[in-house]
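K.L.:
Residue-level listing of the chains:
Number of protein chains: 4
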Amino acid sequence: MRQTATLLVSCNDRKGLVARISDFIYRNGGNILDFDHHTDLEAGVFLARIEWELKDFQIPGPLFAGAFLNLASECQMRYQVFLSDQVPKIAIFASKLPHCLVDLLLRHQAGELRTNIALVISNHKDVEEIARSFGIPFKHFPITPQNKSQQEEAQIREIAQQEIELIVLARYMQILSERFVSTFPNRIINIHHSFLPAFIGASPYHQAFARGVKLIGATGHYVTTELDNGPIIEQETARVSHRDSVEDLIRKGRDLEKFVLARAVRLHLLRKVLTYGNKTVVFD
Amino acid sequence: MRQTATLLVSCNDRKGLVARISDFIYRNGGNILDFDHHTDLEAGVFLARIEWELKDFQIPGPLFAGAFLNLASECQMRYQVFLSDQVPKIAIFASKLPHCLVDLLLRHQAGELRTNIALVISNHKDVEEIARSFGIPFKHFPITPQNKSQQEEAQIREIAQQEIELIVLARYMQILSERFVSTFPNRIINIHHSFLPAFIGASPYHQAFARGVKLIGATGHYVTTELDNGPIIEQETARVSHRDSVEDLIRKGRDLEKFVLARAVRLHLLRKVLTYGNKTVVFD
Amino acid sequence: MRQTATLLVSCNDRKGLVARISDFIYRNGGNILDFDHHTDLEAGVFLARIEWELKDFQIPGPLFAGAFLNLASECQMRYQVFLSDQVPKIAIFASKLPHCLVDLLLRHQAGELRTNIALVISNHKDVEEIARSFGIPFKHFPITPQNKSQQEEAQIREIAQQEIELIVLARYMQILSERFVSTFPNRIINIHHSFLPAFIGASPYHQAFARGVKLIGATGHYVTTELDNGPIIEQETARVSHRDSVEDLIRKGRDLEKFVLARAVRLHLLRKVLTYGNKTVVFD
Amino acid sequence: MRQTATLLVSCNDRKGLVARISDFIYRNGGNILDFDHHTDLEAGVFLARIEWELKDFQIPGPLFAGAFLNLASECQMRYQVFLSDQVPKIAIFASKLPHCLVDLLLRHQAGELRTNIALVISNHKDVEEIARSFGIPFKHFPITPQNKSQQEEAQIREIAQQEIELIVLARYMQILSERFVSTFPNRIINIHHSFLPAFIGASPYHQAFARGVKLIGATGHYVTTELDNGPIIEQETARVSHRDSVEDLIRKGRDLEKFVLARAVRLHLLRKVLTYGNKTVVFD
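Residue numbers (the working numbering), protein chains in the order written: chain A, 581 to 864; chain B, 581 to 864; chain C, 581 to 864; chain D, 581 to 864.
Honestly, the hints are just simulated from the structure, not real lab data.
Any given hint could be a false lead.
Pairs count within a copy or across copies, as identical chains cannot be separated in the list.
[Stated by the list, open to error] Here are the simulated lysine-lysine pairs, PhoX-like style, with alpha carbons at most 25 Å apart:
hint: 1; residue 1: 852; residue 2: 595
hint: 2; residue 1: 635; residue 2: 728
hint: 3; residue 1: 595; residue 2: 635
hint: 4; residue 1: 669; residue 2: 832
hint: 5; residue 1: 832; residue 2: 852
hint: 6; residue 1: 676; residue 2: 635
hint: 7; residue 1: 728; residue 2: 595
hint: 8; residue 1: 635; residue 2: 859
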């Protein structure tokens, strides 16, 4: 495995951004493996992802952010840098349905997700045994209307303490408070079991069945304070027919949910997703 | 080409329906080619499509409806019978965008649609030449707020007079009045350029772009008095990314629209679509 | 859960088959839930699947085959009847790769597969723990060129003794002998990790990478004595690009393999697959 | 419409390529709109596509190739540069089936293909009228075993004389000679009506029907001297079932063929396709 650094950048568009960033990496001895960029011409926004080898790179990882500051300031860039030897930590939130959780654990085991799954959190105890069988710590936070904000505060502390970067809602059946969501901007990924923006809210498969659609869908998105309205990372659809009952939709939907959530999480962990406005750029 | 009859039936579910209908055809010398049925167990509704060869069938086509009446009455069936030598007539409504119209004309020419395209109707003159180049009569019904109901009455008369069975809205950019729609229940097929029920109404590609979806869609449906809410016949989606502008969505969407509308019309003309409640059964 | 019987029939096409079969069920008090049939006009073959409720059905399950014999003989039908309360037993063969095995075990646990997984068989010990953790007996049959035919005989005895109906090859990396395959006609389902007939044989992902295809595929099929050439039950494809390495193809392919194998097995267990010639009819 | 230049580059991989190329454009006043690159680590090959605005670019278009020579020589690059105001000319070869030809003509009319369709060539006269109705010159080259090489020489002269860049085989039913193919390396795009490498050669739909596949496909590829074995640009599949006859496969396949060929041609014309070995890199 080669050691690499990945830089995510966004700023107002201007001439020379590709050249100046790549020149900065090159002059410091870095070998660029991937340079992906996108300019939203209408919005005038430049977004880029650059990954380079650290072998022969003259700036030590922890000093890069400082060394890049001059160029970044001049162009008023927002930027983040990630080193491949710093494996990000995630927490998976689940409720009673285990399929998305198990799918992520299996993919992690198979080496598909470069992450450290630090914690499984649930408002129920149904998935405790599964988490433990994969050697992942499990914490039970039962939620009632009365204790909800207290429990969320405890969750926030837990996540901060463990330095968890990403929260994955794997069919977690609680609506998170504005306070919780605001604490983790672009750091919570949810799987919604419909093709958003169709069938927002509860029971999308029942809604889909009632409407008589010929395709069902699933959507992986960052969570914002507006329900099911955050930036979309990934979507997929599957064919259904009049022969499919609601139960069939739920069964077929499980495959979509697992697949879409895993892809969204994987893309995030590979630092391939940038957000701007309420949209994502996915350098796939 | 073998001569066939096709019977579409719906009624409350009860024991023996498959046996009694197939026995009726068989006793009268018919060779059943296709017997498709579906029971919505929750709604308690039985729906079926039976196609049989007319060679050796002892009931002449025009007399079938009468001969079947006894059984139909006993089971309180709603039913329709179609003979393969009676080619259905359709009218295509278009506005300025030609792609769906041309696609249907080409498919008809290639033998994909067993129909007689009797008429192209438009509120503009843009597609007149195209219609005429395919040898299809064209009628111009310019629409203003003032003349709309008059023009619709004239259209209704035209359709009645020519005994047109199906109206196909091939990106026709006028909202039809309740009066018009009610005159042709389950006889108007529209293509909506989104994955319904997402992005109802105007400019769905602009809506899709603004929302940042990763798939766009198209929906072929029967028109009812509630906008974009009629029974869905067919849907399809296609992948888009941050690199696609609204214009790219429109371009990619044209392929979806053509494909989905053609499939919906074809299925209708093959008598493979039944409706109940606000849903369809498609015996594909 | 309603008790049902399912009849699979194939014979030369002739007039009245739908009517006479459905009449037989009806006269004996059965309520037909599904009557699916297909006639291959070119081959002159009629194939059907009929499922009916056993409540009020006057022929006890075990006597049905006899009672149906008259009609079956007259029309020279091959037929099988399955009762919903007789849960079929399957054995899963795996080697070192666990993903298809785990996927089937999880789907079984989730209630997607109406079967009794009686046994996991492997030529290695890698998946033993997984099988046991799901409470499924595991048998190790290490294979060498010297012991192969002996081991296969032992496997055949095991399968016969346990009355296992279906063998599922879940990425089992041994080519079965002609003797083994011939013992279980239409009773072995394999997942091949390509879009057959492309990339027959070993290392299809490497072959696909070398050829530079833009889609990869997976195929679920019955095993016959000709390698990767049995009747196809299900196929699916997924998009790849120049950015995907062989490892990426393998990773993306795992999802296809799991999905396609599970669908093929599910369709078989629901008695929705008939074979004729080297093809299948899938009443989905 | 902004004026742009597009540079396609390939060479052995080495450090600094992204930086040095982008720096060259930037130093000369160019605003990079797209910088796409790919390194095949195994083959050690670097491939890139750079598009930049010509406004403020200090090197006049015709002089760019010379100005870039120093850098190119040093890195042993193969490169081509294309100016957006030089619209490439194509010739479409067709036989009797019109659907791919008509589809390309319609897409051109709709503004989807930035090209000048200079000529339609056919070995039959069936599509002459279609070509003329779109205002495209038509040339008839009837082919017999006796005159084939003569006719090909005449075609080669015609293409050279008209400075046609790309030849599109839109279901052209003649196998081109090695001499013809070698004259236009990476300049002939063919649509093959199967998912290559399955069903190479004649009558792929009949082959697919005989094999009983559950998906059919189409492949757009550059033509090389080995039949149906050139670098693949685009592929797509569609679902079929036992209910589909060979005629249904042909009908469904037409949609795939049109779609895939149009995409392959569009990508080529946008200079988004590079080849190396027997593969393509498609910067989509």
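K.L.:
Please go over all the hints and tell whether each is borne out by the structure.
P.N.:
Outcome of the hint check:
1. In this assembly of identical chains, the alpha carbons of residue 852 and residue 595 lie at most 25 Å apart whether taken from the same copy (23 Å) or from different copies (23 Å).
2. For the identical chains of this complex, residue 635 and residue 728 are neighbours neither inside a copy (48 Å) nor across copies (50 Å), given an alpha-carbon limit of 25 Å.
3. In the homo-oligomer, the alpha carbons of residue 595 and residue 635 lie at most 25 Å apart only across protomers (12 Å), although the nearest pairing inside one protomer, at 30 Å, exceeds that limit.
4. Taking CA atoms no more than 25 Å apart as the test, residue 669 paired with residue 832 passes between copies only; the shortest distance there is 24 Å, against 30 Å inside one copy.
5. In the homo-oligomer, the alpha carbons of residue 832 and residue 852 lie at most 25 Å apart only across protomers (17 Å), although the nearest pairing inside one protomer, at 28 Å, exceeds that limit.
6. In this assembly of identical chains, residue 676 and residue 635 lie within 25 Å of each other by CA distance neither inside one copy nor across copies; the values are 46 Å within and 35 Å between.
7. Within a single copy, residue 728 and residue 595 get their C-alpha atoms no closer than 50 Å, and across copies no closer than 53 Å, so neither meets the 25 Å cut-off.
8. In this assembly of identical chains, the alpha carbons of residue 635 and residue 859 never lie at most 25 Å apart, being 34 Å within a copy and 30 Å across copies at closest.
In summary, the numbered hints that this structure violates are 2, 6, 7, 8.
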